[in-house]
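J.: This is what each chain is made of:
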Amino acid sequence: AQSVTQLGSHVSVSEGALVLLRCNYSSSVPPYLFWYVQYPNQGLQLLLKYTSAATLVKGINGFEAEFKKSETSFHLTKPSAHMSDAAEYFCAVSVRTGNQFYFGTGTSLTVIP
Amino acid sequence: DGGITQSPKYLFRKEGQNVTLSCEQNLNHDAMYWYRQDPGQGLRLIYYSQIVNDFQKGDIAEGYSVSREKKESFPLTVTSAQKNPTAFYLCASSNWDSYNSPLHFGNGTRLTVT
Numbered sequence: 001a002q003s004v005t006q007l008g009s010h011v012s013v014s015e016g017a018l019v020l021l022r023c024n025y026s027s028s029v030p031p032y033l034f035w036y037v038q039y040p041n042q043g044l045q046l047l048l049k050y051t052s053a054a055t056l057v058k059g060i061n062g063f064e065a066e067f068k069k070s071e072t073s074f075h076l077t078k079p080s081a082h083m084s085d086a087a088e089y090f091c092a093v094s095v096r097t098g099n100q101f102y103f104g105t106g107t108s109l110t111v112i113p
Numbered sequence: 114d115g116g117i118t119q120s121p122k123y124l125f126r127k128e129g130q131n132v133t134l135s136c137e138q139n140l141n142h143d144a145m146y147w148y149r150q151d152p153g154q155g156l157r158l159i160y161y162s163q164i165v166n167d168f169q170k171g172d173i174a175e176g177y178s179v180s181r182e183k184k185e186s187f188p189l190t191v192t193s194a195q196k197n198p199t200a201f202y203l204c205a206s207s208n209w210d211s212y213n214s215p216l217h218f219g220n221g222t223r224l225t226v227t
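Protein sequences appear in the order of chains A and E.
Numbering of the first sequence is given in the numbering used here, commencing with residue 1 and proceeding in unit increments.
Numbering of the second sequence is given in the numbering used here, commencing with residue 114 and proceeding in unit increments.
Hints are computed from structural coordinates only; laboratory data are not their basis.
A few of these clues could be false.
As the list claims (entries may be wrong) - Looking from chain E toward chain A, a few residues come up when the C-beta cut is under 10 Å (computed): (1) 122; (2) 158; (3) 171; (4) 217; (5) 218.
Glycine included, C-beta positions come from ideal geometry on N, C-alpha and C.
Start from the sequences and build out the full structure, keeping to the hints where you can.
T.: Have a look at this one:
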């Protein structure tokens, strides 16, 4: 069975500070991992995806994530938070069997000026 | 531009009425999905479809129905049997055969039932 856990439903950081959003997954087969961002009353937009080509994945808007198999983690980071980063972030895992996607419950990021 | 169009953005209905949410995509994707989003619960899968004229129930299909008569379209009907229909509904699509294809989402429909 596949599942995704996002630690911390709310995270606050100061503008210019490091952003760290945590994601742990469980999967019985090698997973594909994704981070999405959602702004209020909008759909989800893909930030980045892990495809097994490289463990450090760079995405849009300066975000990146590192796949750590030993820790079953795929944490999202950004060196310097910007006010425009305030949004809801979702981690997701998929496996090809059945092409199902499993989402975490999301982390709401607040950026303090 | 290719994308997914959901309409309407806001929908209000009286309890006991069926309502249909529209989802159209021009990405030429085979697979389409419907998710329900409630605060603090993430996304829950309602139905998905891999090909035309075929669809499968997701985790919370009770009280919902879908059809897939065209590749581009995957409408969702919220029936009067759905006990708590007020929610934000998201439609998505992906390349079924493409290696690690991500989901592409529409901008959602917010349904309020009173």
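J.: Each of the hints needs a verdict: does it hold here or not?
T.: Against the structure, the hints come out as follows:
Among the interface hints, the one on residue 122 of chain E holds; its C-beta lies about 8 Å from the nearest C-beta in chain A, closer than the 10 Å criterion. Checking residue 158 of chain E against chain A: minimum C-beta separation of about 8 Å stays under 10 Å; hint holds. The criterion of a C-beta within 10 Å of any C-beta in chain A is met by residue 171 of chain E, whose closest approach is roughly 9 Å, and the hint holds. Restraint check, residue 217 of chain E versus chain A: the minimum CB separation of about 8 Å is within 10 Å; hint holds.
A least Cβ separation of about 4 Å between residue 218 of chain E and chain A falls short of the 10 Å threshold, and the interface hint therefore holds.
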